[in-house]
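Listed below, chain by chain, are the residues.
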Amino acid sequence: MIPSLELIPGVLAGRQRDVARLITRAEAGDHECRPAMTELYRHTGKAHIIGITGVPGSGKSTLVKSLTIAARHAGRRIGIVAIDPSSPFSGGAIMGDRIRMNELSGDPNVFIRSMATRGSLGGLCRAALDAVDVLDAAGYELVIIETVGVGQDEVEVVRASHSTLVVSAPGLGDDIQAIKAGILEIADIHVVSKCDKPDAQRTIADLKTMLMLDMPRDPNWMPPVVGTSGETGKGIDELLKTIQTHHDYLHSSGRIQDRLRMIAESRILKTAEELVRQRFVRHRADSFTDQVTQRQLSPYQAAQRLLGE
Amino acid sequence: MQAPIRVLIAKVGLDGHDRGVKVVARILRDAGMDVIYTGLHRSSEDVVNAAIQEDVDVIGVSMLSGAHMTHFPRILNLLKEKDATDIIVIGGGVIPDADAVALKSMGIADLFLQDTPPDTIVNSVRALVEARGQR
Chain S
1040 MIPSLELIPG VLAGRQRDVA RLITRAEAGD HECRPAMTEL YRHTGKAHII GITGVPGSGK
1100 STLVKSLTIA ARHAGRRIGI VAIDPSSPFS GGAIMGDRIR MNELSGDPNV FIRSMATRGS
1160 LGGLCRAALD AVDVLDAAGY ELVIIETVGV GQDEVEVVRA SHSTLVVSAP GLGDDIQAIK
1220 AGILEIADIH VVSKCDKPDA QRTIADLKTM LMLDMPRDPN WMPPVVGTSG ETGKGIDELL
1280 KTIQTHHDYL HSSGRIQDRL RMIAESRILK TAEELVRQRF VRHRADSFTD QVTQRQLSPY
1340 QAAQRLLGE
Chain C
53 MQAPIRVLIA KVGLDGHDRG VKVVARILRD AGMDVIYTGL HRSSEDVVNA AIQEDVDVIG
113 VSMLSGAHMT HFPRILNLLK EKDATDIIVI GGGVIPDADA VALKSMGIAD LFLQDTPPDT
173 IVNSVRALVE ARGQR
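Chains as they are written, first to last, in the working numbering: chain S, 1040 to 1348; chain C, 53 to 187.
Derived by calculation from the structure, the hints in this document are not laboratory data. Note that the Cβ used here is the ideal one computed from N, Cα and C, for glycine as well. Hints are supplied without guarantee of correctness; some may be wrong.
[To be verified] Here are the in silico distance ranges between beta carbons for each label pair:
(1) C:Glu97 with S:Arg1054: 39 to 45 angstroms
(2) S:Ala1244 with C:Leu165: 52 to 58 angstroms
(3) S:Ala1052 with C:Ser157: 50 to 56 angstroms
(4) S:Gly1145 with C:Arg184: 53 to 59 angstroms
(5) C:Ala150 with S:Asp1276: 50 to 56 angstroms
(6) S:Pro1147 with C:Pro170: 34 to 40 angstroms
(7) C:Pro170 with S:Gly1210: 56 to 62 angstroms
(8) S:Gly1272 with C:Glu97: 22 to 28 angstroms
[Unchecked claim] Take a look, some chain S residues computed to stay more than 10 angstroms from chain C by CB distance:
(9) Arg1056
(10) Ala1059
(11) Glu1066
(12) Asp1287
(13) Glu1312
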């Protein structure tokens, strides 16, 4: 086995096999990989990280494909981390995001990696953030995180991205859906996909109405609503420009610093959480299961004992 | 924690029959593996490029079109060219016995023909990955 640290020069040179292998090692979360990830981290911070989220079937993978093709025309190198759910029972996963991205195959300037959630909630997994680091260090200028299809409340992606896109598809609910709290609030840019469909204009109008009622996260950035169609290619160039405008805005206004701090804080917590979880592997938690089931201990008491408090 | 085995499952060339390959994907998922399915009508190049980026342990190709003597050798050659022979290649589908022997001698690690029980596939994948060892 090649030590992970020895993969770093290849990763920095953009060698695909090394990039791929280091992501695997990081995903496994072995001790062996930690010095390499620490070394790698010094080389990150150059990429523009774009989070793309939305309900299942809203067209995220298709959008990623269209955006990537447009960005390739502009000469950019793109890394993609596409996340799909793990089975809660077997722990296995079937990942199909590549099915929609086949046109990107064979382009050495596009790197696609599929990842399973491995039981983490919120639409992201710790390993996805490590994969973003690897792609960033490998020189991919845009790194796209495509979350699992989310419901109304999985907003983790906002704590991992510089620019967050929320994809809504037409015909999935009325304007009341749009004024609820949660996922729609996190968008820097709203995308209405499948806008070749007749009710897309209605969805765009609903979102715009919601945005007028809303207090934006940032008073100087009113999230734009862009209609796109993977079918006709409509709106894709506009969306790419809008993403660049948001990037430029973050940097010229200094707001990027808030984002970077938020991302750093979230990563520290997520990693700490995983370290704690690894320490209390299942069989140790199991020693309290009977007592909690029989109401001799509360879950809170059992957790405190597990932590040695 | 042991990382799940990663398997890329593919259909190559002009072959639109994907019921079997989906069943196999499910079987491997239910055995706790990470399965990447790349969809219909892929080229050998697509499959090898994807397998490298995904850093899979195993490529599984389903062939029901009769073009197995073309695509399997091509995949093996591409893996050699790209210095990726640590990726194990297995296959399944409708393949005559004589061809199966030939393919195995070329380097296809295992072939699963009609009526293969699910456990046979799972056990073979696990055994092949274990025999290869860490990389």
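Consistency of the hints with the structure:
At roughly 18 angstroms, the beta-carbon separation of C:Glu97 and S:Arg1054 lies outside the given 39 to 45 angstroms, and the hint is violated. In this structure the supplied range 52 to 58 angstroms holds for S:Ala1244 paired with C:Leu165, their Cβ-Cβ distance being about 56 angstroms. Taking the beta carbon of each, S:Ala1052 and C:Ser157 are about 37 angstroms apart, not inside 50 to 56 angstroms as hinted. Here the CB-CB span from S:Gly1145 to C:Arg184 is close to 26 angstroms, at odds with the stated 53 to 59 angstroms.
For C:Ala150 and S:Asp1276, the Cβ-Cβ distance of about 54 angstroms falls inside the hinted range of 50 to 56 angstroms, so the restraint holds. Take S:Pro1147 and C:Pro170: their Cβ atoms lie about 37 angstroms apart, and the range 34 to 40 angstroms holds. C:Pro170 and S:Gly1210 have their C-beta atoms about 38 angstroms apart, which leaves the hinted 56 to 62 angstroms range violated. For the pair S:Gly1272 and C:Glu97, the supplied restraint of 22 to 28 angstroms holds, since their beta-carbon distance comes to about 25 angstroms.
S:Arg1056, annotated as away from the interface, has a beta carbon of chain C within 10 angstroms; the closest lies near 6 angstroms. Annotated as non-interface, S:Ala1059 brings its C-beta within 10 angstroms of a C-beta of chain C; the closest such distance is 4 angstroms. With a minimum CB-CB distance of about 7 angstroms to chain C, S:Glu1066 fails to clear the 10 angstroms threshold, and the non-interface call is violated. The claim that S:Asp1287 is not at the interface with chain C holds, since no C-beta of that chain comes within 10 angstroms of its own (minimum 30 angstroms).
For S:Glu1312, the shortest C-beta to C-beta distance to chain C comes to about 15 angstroms, beyond the 10 angstroms cut-off, and the non-interface label holds.
In terms of the numbered hints stated before, the structure departs from hints 1, 3, 4, 7, 9, 10, 11, listed from lowest to highest.
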